[in-house]
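2 protein chains.
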Amino acid sequence: MIPVLEAVPNFSIGPDPAFVEQARDRVEAAGAEVLDHSSDADHGRTVLTVVGAPARVENAAVALAHLAVERIDLRKHGGAHPRVGALDVLPLVPLAGLSLEDARDSAHRVGNRIAAEVGVPVWFYAEASEPRGRSLAELRRGGFEALVGGVPPGRRPDLLPDGGSPDRVHPTAGGACVGARPLLLAWNLDVVGVSGETLRRLAAELRESGGGIQGLRVLALELPGQRRSQLSMNLENARSRKPFAVFEEIERRVKSEGGRVTRTEVIGLAPDELLEGAAADRLRTLDRTPPPALSSLLALHLSRRASEAATALMEAVRCCPEPVPATLVAALEAMERELLNPPKREPVE
Amino acid sequence: MIPVLEAVPNFSIGPDPAFVEQARDRVEAAGAEVLDHSSDADHGRTVLTVVGAPARVENAAVALAHLAVERIDLRKHGGAHPRVGALDVLPLVPLAGLSLEDARDSAHRVGNRIAAEVGVPVWFYAEASEPRGRSLAELRRGGFEALVGGVPPGRRPDLLPDGGSPDRVHPTAGGACVGARPLLLAWNLDVVGVSGETLRRLAAELRESGGGIQGLRVLALELPGQRRSQLSMNLENARSRKPFAVFEEIERRVKSEGGRVTRTEVIGLAPDELLEGAAADRLRTLDRTPPPALSSLLALHLSRRASEAATALMEAVRCCPEPVPATLVAALEAMERELLNPPKREPVE
Chain A
31 MIPVLEAVPN FSIGPDPAFV EQARDRVEAA GAEVLDHSSD ADHGRTVLTV VGAPARVENA
91 AVALAHLAVE RIDLRKHGGA HPRVGALDVL PLVPLAGLSL EDARDSAHRV GNRIAAEVGV
151 PVWFYAEASE PRGRSLAELR RGGFEALVGG VPPGRRPDLL PDGGSPDRVH PTAGGACVGA
211 RPLLLAWNLD VVGVSGETLR RLAAELRESG GGIQGLRVLA LELPGQRRSQ LSMNLENARS
271 RKPFAVFEEI ERRVKSEGGR VTRTEVIGLA PDELLEGAAA DRLRTLDRTP PPALSSLLAL
331 HLSRRASEAA TALMEAVRCC PEPVPATLVA ALEAMERELL NPPKREPVE
Chain B
31 MIPVLEAVPN FSIGPDPAFV EQARDRVEAA GAEVLDHSSD ADHGRTVLTV VGAPARVENA
91 AVALAHLAVE RIDLRKHGGA HPRVGALDVL PLVPLAGLSL EDARDSAHRV GNRIAAEVGV
151 PVWFYAEASE PRGRSLAELR RGGFEALVGG VPPGRRPDLL PDGGSPDRVH PTAGGACVGA
211 RPLLLAWNLD VVGVSGETLR RLAAELRESG GGIQGLRVLA LELPGQRRSQ LSMNLENARS
271 RKPFAVFEEI ERRVKSEGGR VTRTEVIGLA PDELLEGAAA DRLRTLDRTP PPALSSLLAL
331 HLSRRASEAA TALMEAVRCC PEPVPATLVA ALEAMERELL NPPKREPVE
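Each protein sequence line maps, in turn, to chains A and B. Quick note on the working numbering: the first sequence kicks off at 31 and runs consecutively. Quick note on the working numbering: the second sequence kicks off at 31 and runs consecutively.
Everything labelled a hint here was simulated from the structure, so no lab data went into it. Fair warning: this is a prediction, and the values are worked out from it, not measured in the lab. Take these hints with a grain of salt, some might be off.
If chains are identical, the list can't say which one is meant, so a pair holds when it fits in one copy or spans any two.
Calculated cross-link-like contacts (lysine to aspartate or glutamate; reagent style DMTMM-like; alpha-carbon spacing at most 25 Å) [said to hold, decoys possible]:
no., residue 1, residue 2
1, K272, E295
2, K272, D311
3, K285, E235
4, K285, E175
5, K285, E100
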């Protein structure tokens with residue numbers, strides 16, 4: 031498998047094409063790739079999907095933290111979504127050929143560099159925290175405003191910039207939450223026909239911490255821009271949780287309160303499982319078994335082929351009786367880093 | 031782009047796990063990969079999806095033609111689907127990094143080898159015929175039974191086995207239709223609530239040749255096994271034709287005749303466009319814009335990365351001032367064949 035690390039930086043900035051363009055430039059300069067971006071004015075948020083070889087994605091993530099500090103001033107920022115930083119959240123996701131441990135190691139390296147090189151304090155969350163599983167909700171309570179005058183003792187950053195104080199966040203960029211986690215479905219469902227109070231109760235009942243759906247985090251938001259009410263959600267580990275079944279369950283509960291889901295919005299890329307499940311329902315396939323999507327199997331095929339070809343070549347180099355020219359060895363090693371699982375590196379402590 | 035050729039062999043054999051296992055073995059021995067297989071007892075048909083580097087898929091296709099002759103006797107075969115051969119249809123599809131011309135060249139090479147090495151007469155169809163665009167319907171009219179006693183003058187094979195006669199097909203394996211075409215959606219919709227006569231009229235109205243939907247081929251089938259009526263369809267060039275919109279149009283017409291579509295079955299792999307369209311409808315995404323599927327962009331990303339890494343390496347070899355050991359040159363060339371578009375070869379006439 032070709033190793034693919036995904037970074038999903040969430041920036042505290044609404045729709046701004048110039049910002050997205052600059053972000054894309056920094057990502058490409060680091061040799062990684064932007065697969066998708068979403069922005070929302072009401073949320074005051076922009077989310078990128080960045081993929082590539084792990085070391086390149088790490089470099090891209092640090093470059094994006096620099097950009098956030100340069101471009102975003104939280105004192106002037108408004109939006110319904112809670113946030114503590116300009117680069118508010120930076121999850122690293124093992125997309126292919128990597129373990130959650132690899133993503134955790136990447137998160138630690140990136141967190142260290144953001145504190146040291148960018149000068150922004152860092153909290154680790156999810157699989158990157160110690161103990162594991164610290165939630166974003168607990169870090170973001172009260173937002174940037176609750177931190178800028180002085181950080182409460184229970185919320186002190188894990189990593190500080192050189193000369194930084196545990197009681198102070200960056201005056202304009204706050205702090206950054208850096209995490210590692212499995213693939214997640216981030217989605218918003220617009221709801222009509224229920225009061226704000228009912229929506230908040232529904233959200234409380236649906237979320238895992240209220241005894242609802244496992245792995246589901248839910249915010250009830252009332253968004254002024256388009257006069258809409260919204261369930262804004264993250265479904266963790268979307269590959270194992272049958273996300274379309276979760277959609278149906280939410281739709282059922284909204285309906286039983288007399289409301290209606292009018293629209294779904296996926297932030298970033300949709301896990302194939304969501305599309306396949308929804309398509310199986312709409313097309314009424316046998317036993318509602320989703321038809322296998324061509325591209326998911328194609329991605330596996332391509333990854334396998336590239337890795338096999340690279341492995342065979344490295345084997346030929348190892349067994350070569352004659353000396354291999356030095357310039358060629360360097361090029362071969364570059365290819366090995368791109369197409370093969372890199373040898374395990376020591377995690378940064 | 032890593033070049034990926036797809037072959038979708040249609041065999042005249044119903045569900046038979048041993049046959050599928052043998053087919054898989056032959057494909058893997060040729061260095062290609064089976065991504066999917068479907069079988070249907072009523073149709074008396076088994077369809078494989080095979081992918082890989084072009085030369086490997088060509089070898090796999092010839093190996094599968096051998097297997098079909100060894101294992102299938104059309105004199106004992108029954109099924110609702112029209113067919114003229116044991117390996118009835120062999121389309122080659124340029125899945126990634128290849129043109130339709132490349133697939134046409136592959137079809138000509140494979141057709142020549144099936145006639146010469148396997149001893150089965152071959153017709154070319156779709157983009158592989160001369161003039162282009164010959165239809166399967168015209169080749170398969172009357173089935174194997176119409177050919178085995180003597181081939182009508184208008185249906186003579188394009189390629190004959192050594193010593194073969196244009197008036198004779200293979201006594202147990204018939205002939206093989208070998209073609210090149212873009213990605214196609216093959217699907218069956220089960221229909222209730224309309225008579226057989228109405229279904230046949232609907233099929234005639236829906237198909238392109240009856241002035242219906244462009245690129246749509248439709249058979250009305252009454253299948254005894256599960257007492258169902260079926261519209262069995264191919265939608266050509268599924269990537270540009272919005273396959274879910276076609277589904278909705280068919281559903282609407284069935285409904286206006288008082289019937290109902292109870293079930294959809296996709297043969298082989300579903301083009302992402304079908305799943306994305308159906309999911310957008312079911313999830314009510316904004317403007318029914320499908321959420322981008324992770325794996326379709328991931329496949330592009332992987333292909334790009336592998337090709338770039340391979341290109342950089344080949345460039346390093348070309349610019350290497352010292353001599354490159356011969357064993358290494360062979361391994362490099364093998365990788366080039368796998369991961370880069372191969373240099374244009376002369377088509378076989």
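**Prompt:** Looking back at the hints listed earlier, which ones does the structure fail to meet?
**Reply:** Structure breaks hints 4 and 5.
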